[in-house]
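Undergrad: Residue numbers (the working numbering), protein chains in the order written: chain U, 1 to 177; chain H, 1 to 214.
These aren't lab readings, by the way, just hints derived from the structure by calculation. This structure is a prediction, so every number in the text was calculated from the model and none was measured. A couple of the hints might just be wrong.
Stated by the list, open to error - Derived DSS-like pairs: lysine-lysine, alpha-carbon spacing no greater than 27 Å straight-line: (1) H:Lys9 x H:Lys61; (2) H:Lys33 x U:Lys166; (3) U:Lys166 x H:Lys65; (4) U:Lys18 x H:Lys33; (5) U:Lys166 x H:Lys213; (6) H:Lys184 x H:Lys213; (7) H:Lys9 x H:Lys33; (8) U:Lys41 x H:Lys100; (9) H:Lys34 x U:Lys88.
To be verified - From the derived model, a few chain U residues whose C-beta atoms are all more than 10 Å from chain H: (10) Met1; (11) Pro36; (12) Ala51; (13) Gly64; (14) Val77; (15) Ala127; (16) Ser134.
Quick reminder that beta carbons are idealized off the backbone N, C-alpha and C, glycines included.
Each chain is listed here by its residues.
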Amino acid sequence: MIKGLEGNAVLINRADIKFDTVTFNTTRKNVIESLPLMAGKKGYSCYVPGATPFSGLATSLKTGTYINTWDNNAPIVILDNGPDVCDKVIDGLANGQFVLIVENKHKGSGDAAFQVYGFYQGLRATAGENDKYSEDLNGGWSVTLTETGAPKSGLFLYITSYTATKALFAGLTSAAV
Amino acid sequence: MTIEQLISKETRERFLSRQETLEERDLLVSIAKKVLGRDISYTCRNCYMDVLIELTALYNKDREKFNELMEEKEYVLSRGCCLQLGFGTGDFLVYQNCTKERALIALSQNRSNAGMFEILPADWEAQVDEYEAEQAAIEDGEKDPDGGAVVIDSDSETQAQSGAEQAAIEDIRKMIESGETKVKIIEHFLQFENIGARKVSKNYISQLYTAAKA
Numbered sequence: 001m002i003k004g005l006e007g008n009a010v011l012i013n014r015a016d017i018k019f020d021t022v023t024f025n026t027t028r029k030n031v032i033e034s035l036p037l038m039a040g041k042k043g044y045s046c047y048v049p050g051a052t053p054f055s056g057l058a059t060s061l062k063t064g065t066y067i068n069t070w071d072n073n074a075p076i077v078i079l080d081n082g083p084d085v086c087d088k089v090i091d092g093l094a095n096g097q098f099v100l101i102v103e104n105k106h107k108g109s110g111d112a113a114f115q116v117y118g119f120y121q122g123l124r125a126t127a128g129e130n131d132k133y134s135e136d137l138n139g140g141w142s143v144t145l146t147e148t149g150a151p152k153s154g155l156f157l158y159i160t161s162y163t164a165t166k167a168l169f170a171g172l173t174s175a176a177v
Numbered sequence: 001m002t003i004e005q006l007i008s009k010e011t012r013e014r015f016l017s018r019q020e021t022l023e024e025r026d027l028l029v030s031i032a033k034k035v036l037g038r039d040i041s042y043t044c045r046n047c048y049m050d051v052l053i054e055l056t057a058l059y060n061k062d063r064e065k066f067n068e069l070m071e072e073k074e075y076v077l078s079r080g081c082c083l084q085l086g087f088g089t090g091d092f093l094v095y096q097n098c099t100k101e102r103a104l105i106a107l108s109q110n111r112s113n114a115g116m117f118e119i120l121p122a123d124w125e126a127q128v129d130e131y132e133a134e135q136a137a138i139e140d141g142e143k144d145p146d147g148g149a150v151v152i153d154s155d156s157e158t159q160a161q162s163g164a165e166q167a168a169i170e171d172i173r174k175m176i177e178s179g180e181t182k183v184k185i186i187e188h189f190l191q192f193e194n195i196g197a198r199k200v201s202k203n204y205i206s207q208l209y210t211a212a213k214a
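Model the full assembly from the supplied sequences, consistent with the hints where possible.
TA: Given below as structure tokens:
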């Protein structure tokens with residue numbers, strides 16, 4: 001087992017997913033094999049530099065009266081500031097509902113590489129801050145996206161092989177053909 | 001401006017010395033989008049050179065693939081989908097490598113894969129039928145994989161048709177009327193060993209199919 005995440009992730013507007021054609025593995029219901037997006041829609045690439053990208057990304061158990069569920073916390077950083085950043089990125093993050101796909105450093109046999117957050121309930125902003133003197137962010141933004149009440153502890157994206165899944169992952173952010 | 005002019009040594013020198021024209025820059029950006037599936041930031045100098053080098057390498061190495069990627073796409077797979085092209089192969093279809101040929105392979109394997117496509121031509125089913133017929137013909141040896149026709153022994157056309165053959169032709173005619181594709185009909189008849197005195201083969205069934213359609 002290897003800890004940590006790769007630096008690249010993909011953030012998708014949850015409304016852009018064609019849920020009627022999402023397919024799961026026939027035997028493993030926490031493995032998504034295809035995550036089609038609506039025509040003309042694409043995901044957005046998130047790159048976090050440094051030794052511990054997406055530090056703080058965590059899943060925790062939430063006990064309920066009859067059923068326990070899971071909360072997912074995804075802190076993301078935006079190492080920039082300005083009118084376009086605030087208008088096009090921060091305001092969008094503040095009020096939208098998202099799905100985040102990250103790549104784990106632990107690949108398993110290929111099927112543990114890509115993990116999906118926000119598929120069931122959507123990731124929504126629960127915190128956002130712009131500290132002008134932050135040592136880590138140098139005046140950039142930090143936003144925490146949270147999904148509460150997810151029924152599964154982990155949801156993975158995998159089809160056939162790591163290479164095929166990586167190509168699928170890259171295709172989510174490809175420019176329109 | 002042509003592709004050859006864009007990837008020429010002179011143009012590359014101009015990009016290196018930041019003296020490229022707006023037309024050259026715009027053309028490079030649009031070709032990168034089509035061929036490499038990538039957006040280039042207008043503020044990133046390195047991106048221009050990286051893309052120019054990649055395009056030059058692809059153009060010189062695989063001209064056919066380059067031209068195919070430049071064409072207007074008839075088939076576009078939805079982002080987030082991946083279709084394996086053949087059981088056990090490492091070849092797969094994703095958004096960024098979707099060409100017409102690969103799309104036809106995926107659709108001929110399972111037509112319900114059509115739900116995974118963002119863009120499909122109106123006559124996609126007919127194109128898939130045609131593709132399947134071509135593949136069947138190649139397997140039969142009626143057609144070269146390179147597209148040339150193989151001459152069928154003309155004596156077979158003059159052989160008298162037995163009663164069993166007539167019955168088979170009649171069955172094929174009924175299957176055609178009920179909407180069965182050629183591939184399905186051939187698959188059905190391959191279950192039998194002989195029709196009359198003749199051993200069943202794909203080539204033979206294809207001939208009977210042609211006779212039934214006549």
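Undergrad: Each of the hints needs a verdict: does it hold here or not?
TA: Here is how each hint holds up against the structure:
{"no.": "1", "hint": "H:Lys9 x H:Lys61", "in the structure": "holds, 17 Å"}
{"no.": "2", "hint": "H:Lys33 x U:Lys166", "in the structure": "holds, 20 Å"}
{"no.": "3", "hint": "U:Lys166 x H:Lys65", "in the structure": "holds, 22 Å"}
{"no.": "4", "hint": "U:Lys18 x H:Lys33", "in the structure": "holds, 24 Å"}
{"no.": "5", "hint": "U:Lys166 x H:Lys213", "in the structure": "violated, 47 Å"}
{"no.": "6", "hint": "H:Lys184 x H:Lys213", "in the structure": "holds, 15 Å"}
{"no.": "7", "hint": "H:Lys9 x H:Lys33", "in the structure": "holds, 22 Å"}
{"no.": "8", "hint": "U:Lys41 x H:Lys100", "in the structure": "holds, 21 Å"}
{"no.": "9", "hint": "H:Lys34 x U:Lys88", "in the structure": "holds, 25 Å"}
{"no.": "10", "hint": "Met1", "in the structure": "holds, 26 Å"}
{"no.": "11", "hint": "Pro36", "in the structure": "violated, 4 Å"}
{"no.": "12", "hint": "Ala51", "in the structure": "holds, 24 Å"}
{"no.": "13", "hint": "Gly64", "in the structure": "holds, 31 Å"}
{"no.": "14", "hint": "Val77", "in the structure": "holds, 20 Å"}
{"no.": "15", "hint": "Ala127", "in the structure": "holds, 28 Å"}
{"no.": "16", "hint": "Ser134", "in the structure": "holds, 25 Å"}
In the structure shown, a violation is registered for the earlier hints numbered 5, 11, in ascending order.
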